[in-house]
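Participant: Sequences and hints are given; from them, build the entire structure.
Just remember that the numbering used here sits 577 ahead of the position in the sequence shown, which is counted from 1.
Hints are supplied without guarantee of correctness; some may be wrong.
[As the list claims (entries may be wrong)] In silico DSS-like links for lysine-lysine, alpha-carbon gap of 27 Å or less:
id : residue 1 : residue 2
1  : K737      : K724
2  : K654      : K640
3  : K640      : K724
4  : K663      : K688
5  : K654      : K688
6  : K654      : K724
7  : K663      : K640
8  : K688      : K737
9  : K688      : K640
10 : K688      : K724
Source of the hints: derived by calculation from the structure; they are not laboratory data.
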Amino acid sequence: MGSGKSFVASTLAELLGANIVSADILCRELLQLGNPGYLRLRECLGDTYFSIDGEIDRAALRKSIFSDSGLRADVDKILHPLVRQKLLDCAAGATRQNVDLVVEVPLLFEKGWQEDFDCTLVVYADVDICVSRIVARDHVSREDALKSISTQMPQSEKCKLGDWVVDNSGSFEETRVALRRIVGEISDSPCLSRVKSE
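Facilitator: Okay, structure coming up:
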């Protein structure tokens with residue numbers, strides 16, 4: 578969280594000439610009014626995190642999820658299978674069309690989804706940089722940002738699990754240079770057909 582996965586995934590897709598799909602975007606679509614994720618979440622949670630007009634109070638739900646592991650587990654149990662199936666459908670579609678696909682998946686290793694794809698690229702950044710990015714992006718306190726990070730597998734562990742690793746602590750251009758090198762390696766490897774970004 579806050580490592581800059583979206584920038585890396587989009588840059589990687591651009592360099593590879595690949596399509597891209599984001600698990601976060603698929604999740605947001607599933608949570609739109611009337612969609613399967615929305616309906617199952619409302620059935621599980623009742624009206625607690627929903628406004629009068631039926632919209633999800635994402636800020637309140639997010640805050641509760643990071644402080645209540647039971648609630649987080651319930652929400653994950655509802656949403657993760659739906660998101661995973663959507664990702665697998667996208668990957669199958671890319672295979673049928675003979676196009677390469679970069680898949681951006683937060684919590685890839687925590688969910689155990691790494692075997693769904695051919696290879697992994699772990700994106701990491703200095704913790705203070707991650708915290709600053711989360712605070713700026715999500716308009717939360719530093720404490721809440723640290724709490725969010727603490728719910729995930731440590732970056733050092735993820736780096737051991739990835740096929741490739743990129744440090745996104747520096748400038749965009751520094752990351753691009755690192756990705757160009759990685760793209761050269763990916764292009765020479767048998768895993769090009771589906772690349773996932775953690």
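Participant: Now look at each hint and say whether the structure bears it out.
Facilitator: Checked hints:
1. Between K737 and K724 the alpha-carbon distance is near 23 Å, which keeps this suggested pair within the 27 Å criterion.
2. This hinted pair checks out: K654 and K640 have alpha carbons roughly 18 Å apart, not beyond 27 Å.
3. A threshold of 27 Å between alpha carbons decides the hint, and for K640 with K724 the separation of about 10 Å falls inside it, so the pair holds.
4. Between K663 and K688 the CA atoms are separated by roughly 15 Å; this keeps the pair inside 27 Å, and the hint holds.
5. For the hint linking K654 to K688, the alpha-carbon distance of about 11 Å falls within 27 Å, and the restraint holds.
6. For a cut-off of 27 Å, the pair hint linking K654 to K724 stands: about 21 Å separates their Cα positions.
7. Pair hint K663 plus K640 holds up; C-alpha atoms about 26 Å apart against a cutoff of 27 Å.
8. At roughly 16 Å between alpha-carbon atoms, K688 and K737 fall within 27 Å of each other, so this suggested pair holds.
9. This hinted pair checks out: K688 and K640 have alpha carbons roughly 21 Å apart, not beyond 27 Å.
10. This hinted pair checks out: K688 and K724 have alpha carbons roughly 19 Å apart, not beyond 27 Å.
In summary, this structure violates none of the numbered hints.
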